[in-house]
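Visitor: Just need the whole structure built from these sequences, with the hints factored in.
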Amino acid sequence: MYVKVRVDEDKCIGCKLCILACPDPNVLTYTENKKVSADENRCKGCGLCVANCPKDALVIS
Amino acid sequence: MKKDIFQISPGFEDIMPAEYRDLIDNGPFEKNVGVSDLGSFKELLEEHPLCAGCGLALSLRLILASLPNPEDTIIVGSTGCSALAFPQVALHNIHSLFGNQNAVASGLKRALTLRFPDKVKDVVVIAGDGATADIGLDMVLQSWFRQENITTIMLDNEAYANTGGQESGMSPMGTVLNMAPKGKKFPKVSVPELARESGCAYVATVTPAQPKKLGKAVVRGILAARELGPSYIQVFAPCPTNYKFKPNETISKIKLREKEGTYETKEYITAEAQELFARLEEGKK
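If you read the protein sequences in the order shown, they are chains A and B.
Numbering (my numbering) for the first sequence: 1 to 61.
Numbering (my numbering) for the second sequence: 1 to 285.
It is worth saying that the hints were derived from the structure and are not from the lab.
One should not assume that every hint holds.
What the hints assert, rightly or not - List of simulated lysine-lysine pairs, DSS-like, C-alpha gap at most 25 angstroms:
#, chain 1, residue 1, chain 2, residue 2
1, B, Lys-31, A, Lys-16
2, B, Lys-213, A, Lys-35
3, A, Lys-16, A, Lys-4
4, B, Lys-255, A, Lys-16
What the hints assert, rightly or not - Here are the simulated distance ranges between beta carbons:
#, chain 1, residue 1, chain 2, residue 2, range
5, B, Leu-97, A, Thr-31, 42 to 52 angstroms
6, B, Lys-185, A, Asp-10, 47 to 57 angstroms
7, A, Asp-10, B, Gln-147, 48 to 58 angstroms
8, A, Asn-33, B, Leu-97, 48 to 58 angstroms
9, B, Lys-246, A, Pro-54, 12 to 22 angstroms
10, B, Glu-282, A, Cys-15, 22 to 32 angstroms
11, A, Thr-31, B, Pro-17, 16 to 26 angstroms
12, A, Pro-54, B, Ser-9, 45 to 55 angstroms
13, B, Ile-24, A, Ser-61, 32 to 42 angstroms
14, A, Cys-15, B, Pro-172, 30 to 40 angstroms
15, B, Met-179, A, Asp-10, 46 to 56 angstroms
16, A, Asp-8, B, Lys-185, 45 to 55 angstroms
17, A, Arg-42, B, Pro-172, 27 to 37 angstroms
18, B, Glu-193, A, Ile-60, 33 to 43 angstroms
What the hints assert, rightly or not - Okay, the calculated bits of chain B under chain A, using three or more residues with CB under 8 angstroms as the criterion:
#, stretch
19, 32-41
20, 243-251
Ideal Cβ positions, reconstructed from N, Cα and C, are used throughout, including at glycine.
Guide: Structure follows, in structure tokens:
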């Protein structure tokens with residue numbers, strides 16, 4: 001079973017709390033339009049970003 | 001070290017790995033970035049084999065992002081979980097014998113001072129709790145007594161996690177682990193107080209739940225080590241694999257332990273270091 005992170009761009013407010021909670025490098029990056037984007041191929045699916053997001057904009061599935 | 005040393009020779013760009021090219025274009029070298037800029041540059045750590053939700057990996061990532069001078073930093077590592085991540089770090093690093101890391105770093109710092117008297121070279125020791133508080137306590141304490149100008153960072157996951165979960169000196173009293181079924185018999189070793197009493201200029205305990213505080217402590221530790229003497233930083237990095245909690249609970253576990261009062265974040269600064277930080281922070285403004 002593979003679990004990967006997905007970002008809902010409408011809910012994301014660009015607070016970067018998920019970037020500071022992710023144990024793997026270069027998974028979550030901050031884009032030019034002040035949102036977070038995820039590289040699904042690098043994600044291990046631990047769910048720390050989901051636990052830290054104040055707006056429930058991230059989903060592990 | 002200047003950036004042109006690791007620049008790709010013209011004509012060879014297409015055969016170099018994509019990660020290496022990314023590191024040269026967007027890496028943190030010569031840019032003065034910190035923890036709050038994470039996500040907007042290519043990090044020094046690459047895909048590592050540590051477990052999902054590992055607190056140690058998170059701490060290592062934040063520490064590497066907050067180094068004030070990454071192009072002139074040499075990391076000395078030791079055996080443990082952190083040693084699995086060091087081959088993926090884009091900095092000069094040395095793997096020493098188990099527990100020998102501070103002795104290696106002392107010699108390295110002295111040699112670098114003789115070889116490059118006009119340059120600033122930071123030597124940073126990053127080791128686990130077993131290497132710092134149990135097996136290497138002798139070398140760690142002696143390097144502090146000798147007032148070597150090195151920064152010691154302990155990634156405290158409270159167990160020997162790499163070998164299946166034995167108790168370490170830093171495990172709290174009564175901890176039951178896979179290979180410690182009877183529970184630990186004595187309390188957690190208080191290394192920050194040992195560091196303060198044996199002459200460290202700057203001592204801090206931080207957690208990755210407060211990333212900006214962690215970054216500030218790392219920068220302060222390295223600045224104190226450059227001018228005054230040894231510095232010590234202890235980072236709490238809980239282990240989901242051996243302490244049997246879900247990987248997404250790492251940060252809430254840290255917050256819970258801080259609330260209970262079983263893990264305190266504290267800072268000891270000597271008067272000289274206080275003066276130095278005041279001077280440097282004034283110069284920044």
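Visitor: Against the 25 angstroms threshold, does the CA-CA distance of Lys-255(B) and Lys-16(A) hold or violate the hint?
Guide: Status holds; Cα separation ~19 angstroms.
Visitor: Taking 16 to 26 angstroms as the stated bounds, is the beta-carbon spacing between Thr-31(A) and Pro-17(B) within them?
Guide: holds, 24 angstroms
Visitor: Indicate whether the distance between the beta carbons of Pro-54(A) and Ser-9(B) respects the range 45 to 55 angstroms.
Guide: At 47 angstroms between Cβs, range holds.
Visitor: For the range 33 to 43 angstroms, tell me whether the beta carbons of Glu-193(B) and Ile-60(A) fit it or not.
Guide: For Glu-193(B) and Ile-60(A) the Cβ distance comes to about 41 angstroms; the hint holds.
Visitor: Is it true that the C-beta distance of Glu-282(B) to Cys-15(A) lies inside 22 to 32 angstroms, as the hint says?
Guide: Check passed, 31 angstroms falls within 22 to 32 angstroms.
Visitor: For the pair we were handed, Lys-213(B) and Lys-35(A), check the Cα-Cα distance against 25 angstroms.
Guide: holds, 24 angstroms
Visitor: Run the distance test for Lys-31(B) versus Lys-16(A): straight-line Cα separation, threshold 25 angstroms.
Guide: It holds: about 20 angstroms lies between the C-alpha atoms, which stays within 25 angstroms.
Visitor: Do the beta carbons of Met-179(B) and Asp-10(A) sit within 46 to 56 angstroms of each other?
Guide: Given about 48 angstroms between the Cβ atoms, the range holds.
Visitor: Holds or violated: are the alpha carbons of Lys-16(A) and Lys-4(A) at most 25 angstroms from each other?
Guide: Given that 25 angstroms is the threshold and the Cα spacing comes to 18 angstroms, the pair holds.
Visitor: Taking 8 angstroms as the C-beta cutoff, is the stated coverage of the stretch 243-251 of chain B by chain A satisfied by three or more residues?
Guide: holds (count 6)
Visitor: Does the beta carbon distance between Lys-246(B) and Pro-54(A) stay inside 12 to 22 angstroms, or does it fall outside?
Guide: holds, 20 angstroms
Visitor: Is 47 to 57 angstroms a correct range for the gap between the Cβ atoms of Lys-185(B) and Asp-10(A)?
Guide: About 54 angstroms separates the Cβ atoms of Lys-185(B) and Asp-10(A), which means 47 to 57 angstroms holds.
Against the hints set out earlier in the document, no violation occurs for any number.
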